[in-house]
Structure formats: structure tokens, C-alpha cells
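Whenever a hint applies, use it, and build me the whole structure from the sequences.
Sequential numbering of the sequence shown, starting at 1, is according to our numbering.
Nothing false has been slipped in among the hints.
Taking lysine to any residue and the SDA-like style, the derived pairs with C-alpha atoms no more than 20 Å apart in a straight line are:
| id | residue 1 | residue 2 |
| --- | --- | --- |
| 1 | Lys53 | Gln8 |
| 2 | Lys53 | Phe16 |
| 3 | Lys44 | His34 |
| 4 | Lys53 | Thr6 |
| 5 | Lys53 | Glu72 |
| 6 | Lys112 | Leu94 |
| 7 | Lys53 | Glu84 |
Honestly, the hints are just simulated from the structure, not real lab data.
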Amino acid sequence: MILSRTSQYAIQALIFVATQPRGVPVLIRTVAEHLSVPPPYLAKIMQSLSRGKLIYSFRGRQGGVCLCEGGENTDLMQILTLIEGPGLTDNCVLGLKVCGDDTACPMHTQWKPIKTRIVKLLNQQTLGKLAAAVQSGKYRLTELPFAVLESKGVAQGEGPAILAKAREVRTRRAGTTARAARADDAKKRP
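Spelled out as C-alpha cells, the structure:
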């Protein structure tokens, strides 16, 4: 029961929307920029969340999305069930189609109590609690910028894997920007 990228983005986006003023729509583009998520991908996710009645979606000039009434009480398990489907907690950790107490995989007996604790945790965590944690300033929703990681001493060996990932993201973004600039230049030429 590992979260898919889609589920991760859905939860991050909903927490971000929950941190915004109540009833004021926020543009999906704004959410995507803040979370460094591709806007078209996030738009599809938000469409699913809207169909699942977790958010309201508004079109037009003053458009955007906001949490539905009582949305702050939505727990993470509800979100994951909407995104991943009702069989989320029934899936085998090794990917077997049939895995239960009678037809167990080698991981079943070790995984079952862990899965039970994870499901309990997901049922206890609401968007309201998570949004409050983010608003407190103690927790974050986004990746740390490269400069922040360096200033916190990560470059001195406290987290080489994190630093390598930050460099990779920065390089990828720079490459995307450079490709976009070249494409714009090519369009301008006669």
C-alpha cells in the first residue's frame, strides 16, 4: 500500500487548498506552481476530486477550486479511496491478485499489522489538521529549494541523497526552460 504519485499530488493539492481562505477559489495553475506539479496533470486530478465532491470547481474569470462545505473534515483514507479505488487496502504488497490469510504471500503476516496501523493513521488525519500543521510553519508541502538545502548544511554531508535530488530537479527545470526558450525563438524566426 504505497501511495501513487497521483495520490500524493491529490493530497498535497487538497491540503494547499485547505490552507487558503474559506470559500475563495484558488486557480489550479497557482496550486500547480506552488507544488511544482505539471498543471495538466493536476487539472485531471482536481477533476476527479470535484467529481468525488471534495472540491467545488468554478469556471471563468473568477474561477478556481475551493473545498466543499465540511471538506476540512475529510480524512486521507477518503481521498485515497476516491483516487485509488475501493480495493486500496486489499492490495497485496507484492502485487498478487489474491492474497489473504488463507492464500498468503511471503510478506502477508508481517505486512498485515503494519497496513492496519497505516489505515488507522490515514483515517485519523484530516485535511483540517494537516492544513493547520502547514499553516503553523512547522511543516511544508513542497520540496525545499536548492539554496535552502545548502544553507541548512545538507551540502556538508547531512543528506547527500536529498541534495542530489534537489540538483536533479533544478537541472531538469533549467533544461525545460531552455527548451521552451529555444522553441519560442524558433517560432519567431521567419
